[in-house]
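Participant: Dock chain Z against chain U, hints included.
2 protein chains.
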Amino acid sequence: MLYKKRLMTPGPTEVPPTVLAQGGQPIIHHRTPQFRKVLTEVVAGLKRIFNTENDTLVFPAAGTGGMESAIVNLCSPGDAILVAACGNFGNRWTNIAKAFGVESEHYEVDWGQAVDPKEIEKRLAANPKITAVFITLSETSTGVESDVQTIGAIVAKTSAVLVVDAISGMGAIPMKTDEWKVDVVVVGAQKGLMIPPGLAMVSISKKAWDLAKIAKLPKFYFSWEKSQKSMVAEALANTPYTPSVSLLMQLAESIRLIEEEGIEAIWERHAKMGAATRAAMEALGLKLFATGRPSNAVTSVRVPEGVDGGKLFKTVRDTYGITLAGGQGQVKGKIFRIGHLGYADDWDVISAVAAIERALLEQGYKVELGKGLAAAEKVLFG
Amino acid sequence: MLYKKRLMTPGPTEVPPTVLAQGGQPIIHHRTPQFRKVLTEVVAGLKRIFNTENDTLVFPAAGTGGMESAIVNLCSPGDAILVAACGNFGNRWTNIAKAFGVESEHYEVDWGQAVDPKEIEKRLAANPKITAVFITLSETSTGVESDVQTIGAIVAKTSAVLVVDAISGMGAIPMKTDEWKVDVVVVGAQKGLMIPPGLAMVSISKKAWDLAKIAKLPKFYFSWEKSQKSMVAEALANTPYTPSVSLLMQLAESIRLIEEEGIEAIWERHAKMGAATRAAMEALGLKLFATGRPSNAVTSVRVPEGVDGGKLFKTVRDTYGITLAGGQGQVKGKIFRIGHLGYADDWDVISAVAAIERALLEQGYKVELGKGLAAAEKVLFG
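Protein chains in written order, with my numbering: chain U, 1 to 382; chain Z, 1 to 382.
In isolation and in its complexed conformation, chain U is listed as follows (with noise of 0.2 Å):
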């Protein structure tokens, strides 16, 4: 039987068909007037999709340089940072200032719950030397959504920046970066953005532009100061080293379809594949996993009793064409999640509830067919 394959992964998600064509095209020299002009645009159309004024940069990198170029620009020896994780991403925000020889002060909720803002607030007002806050918009290992806006206004009143890793929640969820008063957001390429993974984008307000201008961890690649002065300062749309033209030139055309869509009617497309993804799971009696403020791009599901995770997930990519994603690190093999973010629509969401029930079913876990597609359907429908 085919299946057509689908991606339904919190990463990398399904490239659309023009930006993959993107992808084939002869490559150009970045030193040209051609090259300048993609990457002027891509600047232009990444503050506009981040809702920011501020300083974009792309770096060619996976979004953990991104989140590396952070620490490394923001932080000094000895600083204390405050690090609110609610997933393995998040840790990973302790694990590379502790690289850096760092030692970040290491909020951590118990996984499938948000962090909370008041506890933000309440570690803030205990130590008024936090520099810096790191968070999570969408914690793709759990499939939880930080309240970014309530803790952006809390970190705004202290003399702290608050850095978010919007890596997969970028052009997927509600990221209002200035609104919200975000200092640095991090993006990946291979989420929202709907391009192959290699870039990481960086927004750096003024507050943070302060602070990174006193810091003295060493760098070199991932210098802000240095890319920010090609990039911006000189207007010459010029990088420090050669940028990955070829995902640039996606990321062009990405850009493009999201603005033709338009940012609020994307998170709205997600908000429902979201809700109706929760309800099928729940009609087929399974557990949601994320039940703090779960996130609209991934949805995390528990395992139910007897029934063999690895075996569900296999099933439904080797034999029904769809590959989801496992648990991460302390969850693996008790949570499956499915991603529905970036170039996803209904009829994606509605395939995988129907591979699910099927694979369920042939593990011997009570389902009544089509019982989760109708609560999906009643959701997409509404």
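If you're looking for bench data, these hints aren't it; they were derived computationally from the structure.
Lysine-lysine pairs mimicking BS3-like chemistry, simulated, CA-CA at most 30 Å apart:
1. Lys207(Z) x Lys157(Z)
2. Lys332(U) x Lys287(U)
3. Lys334(U) x Lys229(Z)
4. Lys332(U) x Lys37(Z)
5. Lys226(U) x Lys334(Z)
6. Lys229(U) x Lys334(Z)
7. Lys5(U) x Lys37(Z)
8. Lys311(Z) x Lys37(U)
Being a predicted model, the structure only gives us computed values, none of them experimental.
Facilitator: Positioned in the frame of chain U, the structure of chain Z alone reads:
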């Protein structure tokens, strides 16, 4: 008049059509058997092309990221290191080291000259504390090749490791990593390997791993240990964070093409293209800039008296479709460079020579039309 676009810069270089086509393929998830097969093939292929049995790692980054990885994985604060530079990219070693608080002993020759292996030997003898020597295989900014083989034999007798920036030489000119006792080789994607920019590759000898074990500079994103653990040690063909899937798929195809032609045949092709380009330029009465060991990857030529270098470059690009490169740093405006590496053949060289002849003539420079072409053809046909 139609002139096809030809990219004859020393990187990015033209990407072959079947490699471009891979850039338009649907994205696959990186934690799948399908992707692991790609990564396994790529790493094995790179080792054959690098002529090494050493661990070989791939990072989502520009070549400069690969260079930074060598500094941060091999050095500790206060280390004595030796940089032997003959241009802009050689100087980059010193600049990266400096950014990380390591002051290099900086040996730099006049641009256009090659570094002298005897001088390296002398300096190593004078300072036995030197832990690492950094050089450049093919210095893109000047078109000079280093005598890596001789330097390798010298450094191997000491306790220092030899690190070679082979970013724009690998896959174009001879580089026998193990035979020449090179400990660390850094390679970029967009040169001899014929794929779009965005990947950095590093191979690491046992001697280099021993130094890396005691190196104290901070690192996370560029940690060799983390990458080696995922990619090699656990035999999972995994990566510590999302790899650049599309570029790796393109690299797999590019490796196939390289092995189809054969690496020694490729070296020979480049040797011929280099010799033909130099012969043509000299036949036109132009002076070569690289009077040391000219690299067969790129030819640098002095802009003659009475000729406007910027105008020459623009005429060749905008009128005749062939993108060359200008000069960088201290030789900006004084030289132009013809890249003939990667996916380049006899007729590309012939076309570039013809376009340069015409553009020179248009500026009133005395040229006997066809004289450069005849000289090039004699070498290519010989």
